[in-house]
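2 protein chains.
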Amino acid sequence: MNVIKVSARSRTAAVAGAIAGVIRELQRAEVQAIGAGAVNQAIKAIVIAKGYLAEEDVHVICDPSFVEVDIDGQERTAVRIVVEPRA
Amino acid sequence: MNVIKVSARSRTAAVAGAIAGVIRELQRAEVQAIGAGAVNQAIKAIVIAKGYLAEEDVHVICDPSFVEVDIDGQERTAVRIVVEPRA
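Protein chains in written order, with my numbering: chain A, 783 to 869; chain B, 783 to 869.
Any given hint could be a false lead.
You can't tell identical chains apart in this list, so a pair holds if it fits in one copy or across any two.
[As the list claims (entries may be wrong)] In silico SDA-like links for lysine to any residue, alpha-carbon gap of 20 angstroms or less:
| # | residue 1 | residue 2 |
| --- | --- | --- |
| 1 | K787 | D839 |
| 2 | K787 | V840 |
| 3 | K787 | V864 |
| 4 | K787 | E837 |
| 5 | K787 | H841 |
| 6 | K787 | A869 |
| 7 | K787 | E838 |
| 8 | K787 | A836 |
| 9 | K787 | R868 |
| 10 | K787 | V829 |
| 11 | K787 | E857 |
| 12 | K787 | E807 |
Just so you know, these hints were derived from the structure itself, not from any lab. Computed from a prediction, not measured in an experiment: that's the story for all the values here.
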């Protein structure tokens with residue numbers, strides 16, 4: 783599974799397009815963000831992607847969790863958000 | 783519907799307890815945050831609440847959207863996150 787990594791400087795429209803594209807292909811996207819700025823960009827991108835997909839009658843929900851990731855040998859806590867169609 | 787308003791200085795454990803309590807009572811909570819720090823606290827609180835509720839075999843998902851809110855006469859865009867049991 784590819785993880786869409788979002789930073790505080792990510793463009794929300796670009797991330798939203800990536801999320802919508804992965805959901806169209808795989809019915810599930812994973813978005814990962816570390817830090818407040820990145821988490822905010824991720825959520826904004828998910829809301830935008832939700833709008834794109836709703837036009838195609840695909841209604842997505844989010845399932846956020848914490849994951850430990852290794853960044854340059856340092857363990858960091860990331861927020862991982864699974865986005866998938868509402869069951 | 784009461785909206786749980788989260789700021790960048792909100793304590794995640796306290797917000798998580800509020801979210802879990804509202805879901806136990808009403809089967810649905812709404813969390814509102816304005817700005818990156820607040821959105822980050824809101825998501826962290828939701829992940830913690832998700833853990834509390836999972837222990838009770840309640841599995842929640844999130845549905846984020848943008849809402850326009852009036853703050854001291856200024857229109858601001860907030861992130862509103864509905865948290866509810868997975869259908």
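Practice problem: Could you work out which earlier hints the structure fails to respect and list their numbers in ascending sequence? | Solution: 1, 2, 4, 5, 6, 7, 8 and 9
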